[in-house]
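These are the residues of each chain, in order.
There are 2 protein chains.
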Amino acid sequence: MTVQEICQRAAAVAPEIGQLRSELKDAALHAMADALESRAAYLAEANAEDVERARSEQATNTIIDRLTLTEGRISSMAQGLRAVADQPDPVGELVTGWRQPNGLVIERVRVPLGVVAVIYEARPNVTADVAALCLKSGNACVLRGSSIALSSNRAIVDVLRGAIQSKGVPEDALQLVPDADRSSAIGLMQAKGLIDLLVPRGGAALIRSIEENATVPYIIDGDGNCHVYVDGSADPAMATSIVLNAKTQRPSVCNAAESLVVHEEIADKWLPGVLDELAAKGVEVRGDERVRQLWPDALEATEEDWRTEYLDLKIAVKVVDSLDAAIGHVNTYGTSNAEAIVTQDISAARRFASEVDSGSVFVNCSTRFSDGGEFGFGAEIGISTQKLHARGPMGLRELTTTKFVVWGDGQTRE
Amino acid sequence: MTVQEICQRAAAVAPEIGQLRSELKDAALHAMADALESRAAYLAEANAEDVERARSEQATNTIIDRLTLTEGRISSMAQGLRAVADQPDPVGELVTGWRQPNGLVIERVRVPLGVVAVIYEARPNVTADVAALCLKSGNACVLRGSSIALSSNRAIVDVLRGAIQSKGVPEDALQLVPDADRSSAIGLMQAKGLIDLLVPRGGAALIRSIEENATVPYIIDGDGNCHVYVDGSADPAMATSIVLNAKTQRPSVCNAAESLVVHEEIADKWLPGVLDELAAKGVEVRGDERVRQLWPDALEATEEDWRTEYLDLKIAVKVVDSLDAAIGHVNTYGTSNAEAIVTQDISAARRFASEVDSGSVFVNCSTRFSDGGEFGFGAEIGISTQKLHARGPMGLRELTTTKFVVWGDGQTRE
Chain A
1 MTVQEICQRA AAVAPEIGQL RSELKDAALH AMADALESRA AYLAEANAED VERARSEQAT
61 NTIIDRLTLT EGRISSMAQG LRAVADQPDP VGELVTGWRQ PNGLVIERVR VPLGVVAVIY
121 EARPNVTADV AALCLKSGNA CVLRGSSIAL SSNRAIVDVL RGAIQSKGVP EDALQLVPDA
181 DRSSAIGLMQ AKGLIDLLVP RGGAALIRSI EENATVPYII DGDGNCHVYV DGSADPAMAT
241 SIVLNAKTQR PSVCNAAESL VVHEEIADKW LPGVLDELAA KGVEVRGDER VRQLWPDALE
301 ATEEDWRTEY LDLKIAVKVV DSLDAAIGHV NTYGTSNAEA IVTQDISAAR RFASEVDSGS
361 VFVNCSTRFS DGGEFGFGAE IGISTQKLHA RGPMGLRELT TTKFVVWGDG QTRE
Chain B
1 MTVQEICQRA AAVAPEIGQL RSELKDAALH AMADALESRA AYLAEANAED VERARSEQAT
61 NTIIDRLTLT EGRISSMAQG LRAVADQPDP VGELVTGWRQ PNGLVIERVR VPLGVVAVIY
121 EARPNVTADV AALCLKSGNA CVLRGSSIAL SSNRAIVDVL RGAIQSKGVP EDALQLVPDA
181 DRSSAIGLMQ AKGLIDLLVP RGGAALIRSI EENATVPYII DGDGNCHVYV DGSADPAMAT
241 SIVLNAKTQR PSVCNAAESL VVHEEIADKW LPGVLDELAA KGVEVRGDER VRQLWPDALE
301 ATEEDWRTEY LDLKIAVKVV DSLDAAIGHV NTYGTSNAEA IVTQDISAAR RFASEVDSGS
361 VFVNCSTRFS DGGEFGFGAE IGISTQKLHA RGPMGLRELT TTKFVVWGDG QTRE
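Protein chains in written order, with our numbering: chain A, 1 to 414; chain B, 1 to 414.
No lab work stands behind these hints, which were simulated from the structure alone. Worth double-checking, as some hints may not be accurate.
[As the list claims (entries may be wrong)] Simulated pairs of lysine to aspartate or glutamate, EDC-like, Cα-Cα distance not exceeding 20 Å: (1) B:K314 / A:E212; (2) B:K314 / B:D288; (3) A:K192 / B:D288; (4) B:K281 / A:D223; (5) B:K192 / A:E414; (6) B:K192 / A:E211; (7) A:K192 / B:D371; (8) B:K192 / A:E212; (9) A:K314 / B:E303; (10) B:K314 / B:E303; (11) A:K192 / B:E414; (12) A:K281 / B:E303.
[Unchecked claim] Among the chain A residues that face chain B by a calculated CB cut under 8 Å, a handful are: (13) L94; (14) V95; (15) W98; (16) L104; (17) I266; (18) S347; (19) G359; (20) V363; (21) C365; (22) K403; (23) T412.
[Claimed, not checked] DEER-style ranges, computed between Cβ atoms: (24) A:N331 / B:Q4: 55 to 65 Å; (25) B:S38 / A:N331: 18 to 28 Å; (26) A:E264 / B:G410: 15 to 25 Å.
Computed from a predicted structure; not experimentally measured. Beta carbons are placed, not taken as given, at the ideal position from N, Cα and C, and that holds for glycine.
One chain only, chain A, in its complex shape:
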């Protein structure tokens, strides 16, 4: 089947999927979870093929670790599906409603988008997560994972399609693009009229390709050049704990902090200590002039450092003389993913929350909470760094649109 035909199959069943009752969707999600567990041996076998191929292609240990499906990970996937079943159904939500002076009753009702396509390069568990979120939100889905996980993804989708079919949900609701080459990605990007939303989960190259090629609607799940700003009034121990967490707990992800901005009032007494602790955890520190005076081991930070999403154990550090300067720096270099302030000053907190232009602003907590799971969305389809339709972590709601339903008793317009 061509990518076009795959999308046509999804589009053909989308209206039926959009009308399914919550109880049926939840039963299908539980059947999907049960099937993953009961067919763990089949999944492990398919996964072994991917792992073997990856090894023969000299993949790094990190990649092989991410790729490998253990029994524990299969069980986690199943639990993820059950968590999505536990979420409230967004479809049918009466978002708002009112009565007009002429007696018309206007309802704004949440409805599915139709067909959601996701291009991803990550671990095989994304396949199950995305399938679950799309089904729960009443959408058919088209999945296009990475070639390195192709056998695993085929097996997972095979099991999941069987499971939904067993509950009477058409298996065509769940499509996997069988070729993970560049042309299949372009095919999805240009399946205009068949795909209602494309979510590209990947790096800068994928986003550039989307911007150049896509004719279908898409949402950019972009970079995270995230900052922690430590205000003059910050609790020093809290500031240290948040900075260490944001930078080092998992440096390779988009909501990890890349820059630390410190108010001069607290810099002298607090900054050297936290930089010692960061260095002790293997973090390379790059600082401006004032940072290097306080902590001479810091390398010199260049303009390039303020702009860079390291995704690594590196941090760029700047001392500022005001909240305005901090907000200005964050708005200049941030990528609208996650920005944090540590402060005890309510005015500073309110101004930072209001004036920083970002999908999520964190007051006295780590940027690492910019995540659908941490927000309570069950699983996440991605983090939007754009402003239209969705912004910040995306859950089930972001896989829907709304429709106005207007009830009258014969009204016409004068």
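The hints should help you fit chain B onto chain A, whose structure is shown.
Positioned in the frame of chain A, the structure of chain B alone reads:
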């Protein structure tokens, strides 16, 4: 100034506009309204230049009528601004909020987009409407009207900028592109990083140009191939009144009906009468085989007729044998703008409302209500025929996005 420089000026003041309090924005809107009225003579003079040029260029009477600013129309523009001031401020709305198990309090807050640009070809009053909606929603705006109204638009923007300046709102919040040529439209479409939303209000050529050229985010305000479906159970008098209103009250607009779909149960006794009435109002009827048997004056409807947005006194009529066939026809040929059902059968109403894929579905009322003003939005920025971000009539809310603000007391991620 180049289009790029104009957009830069708007972007430079956008953060300040986004932070304005409602009371200041409303005072500025009232000052704008007052200024339009007190400077009516100045506006009329500028408008006379446009009208004279239009006449010398052999514009039609319809176009000249739309272009002409009378004292009454200037007063209506002013009233439109006051109506926008009366709307609730969308900025700062707490859309939703909850507490996570770890104590984090997550708020989803409504915030402005930043810079909104609108390309339009309509009457000069759109200039004032769009300026008002953008200011109220906390956005800077860049307006690009049609060349035929350029002197009028310059005068209106001149008056409005003076009025907001008098209240302490920076006049750069309101920008008019001084050249209404094709290159200025392309310039706006490609002002990436400066424009947060572009709304093209115009015909198919403009939409095609947007799809081909735009690198900024946009919302399609598209066609309206709208249907009225008259169910077997419909009240015949109500059905007649709604069909006549939807087709003939103002046939040139996007929410006018273009097709009539009739259940066979009611066709024999009801259809000939309504077609007589339509014909008496000058409507040309094109029908399928069954329609032409019942009403032989009908021309033969072709596949092309089902697809055509006439925007004229023409209607395509089809008889169907089931609700399913009606929904299928509407979903095949409709353009997701406005679709109506006339029925006394609650099951048919619920199924039509649920299964028709459209921005607005009207039960027992006219498609002509698909309009921001009729929905109570004060004025409208357009009607979205897409699914992402906004769908159906767009008001102030659709000129905003949201931001998550997460309040903690030292939480870090495990």
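Tested hints:
1. B:K314 / A:E212: violated (41 Å)
2. B:K314 / B:D288: Distance of about 14 Å is within 20 Å: holds.
3. A:K192 / B:D288: violated (30 Å)
4. B:K281 / A:D223: With a Cα-Cα distance of about 59 Å, the restraint between K281 (chain B) and D223 (chain A) is violated, given a limit of 20 Å.
5. B:K192 / A:E414: violated (42 Å)
6. B:K192 / A:E211: OK: K192 (chain B) and E211 (chain A) at ~12 Å, within 20 Å.
7. A:K192 / B:D371: At roughly 27 Å apart (the allowed maximum being 20 Å), D371 (chain B) and K192 (chain A) break the hint.
8. B:K192 / A:E212: Distance ~13 Å between K192 (chain B) and E212 (chain A) Cα, so the pair holds.
9. A:K314 / B:E303: It is violated: about 63 Å lies between the C-alpha atoms, which goes past 20 Å.
10. B:K314 / B:E303: Satisfied, since the Cα-Cα distance of roughly 15 Å is no more than 20 Å.
11. A:K192 / B:E414: Distance ~42 Å between K192 (chain A) and E414 (chain B) Cα, so the pair is violated.
12. A:K281 / B:E303: violated (70 Å)
13. L94: With a minimum Cβ separation of about 12 Å from chain B (threshold 8 Å), the hint on L94 (chain A) is violated.
14. V95: Status violated, d = 10 Å.
15. W98: holds (7 Å)
16. L104: holds (6 Å)
17. I266: violated (16 Å)
18. S347: violated (14 Å)
19. G359: holds (7 Å)
20. V363: This hint holds: V363 (chain A) lies near chain B, its Cβ roughly 5 Å from the closest one there, short of 8 Å.
21. C365: Check passed: Cβ of C365 (chain A) comes within 3 Å of chain B, closer than 8 Å.
22. K403: Since the shortest Cβ distance to chain B is 7 Å, the answer is holds.
23. T412: Nearest chain B Cβ about 4 Å off; hint holds.
24. A:N331 / B:Q4: 55 to 65 Å: violated (20 Å)
25. B:S38 / A:N331: 18 to 28 Å: violated (39 Å)
26. A:E264 / B:G410: 15 to 25 Å: Cβ of E264 (chain A) to Cβ of G410 (chain B): about 23 Å, so the range 15 to 25 Å holds.
Comparing the model with each earlier hint shows violations of hints 1, 3, 4, 5, 7, 9, 11, 12, 13, 14, 17, 18, 24, 25; every other hint is respected.
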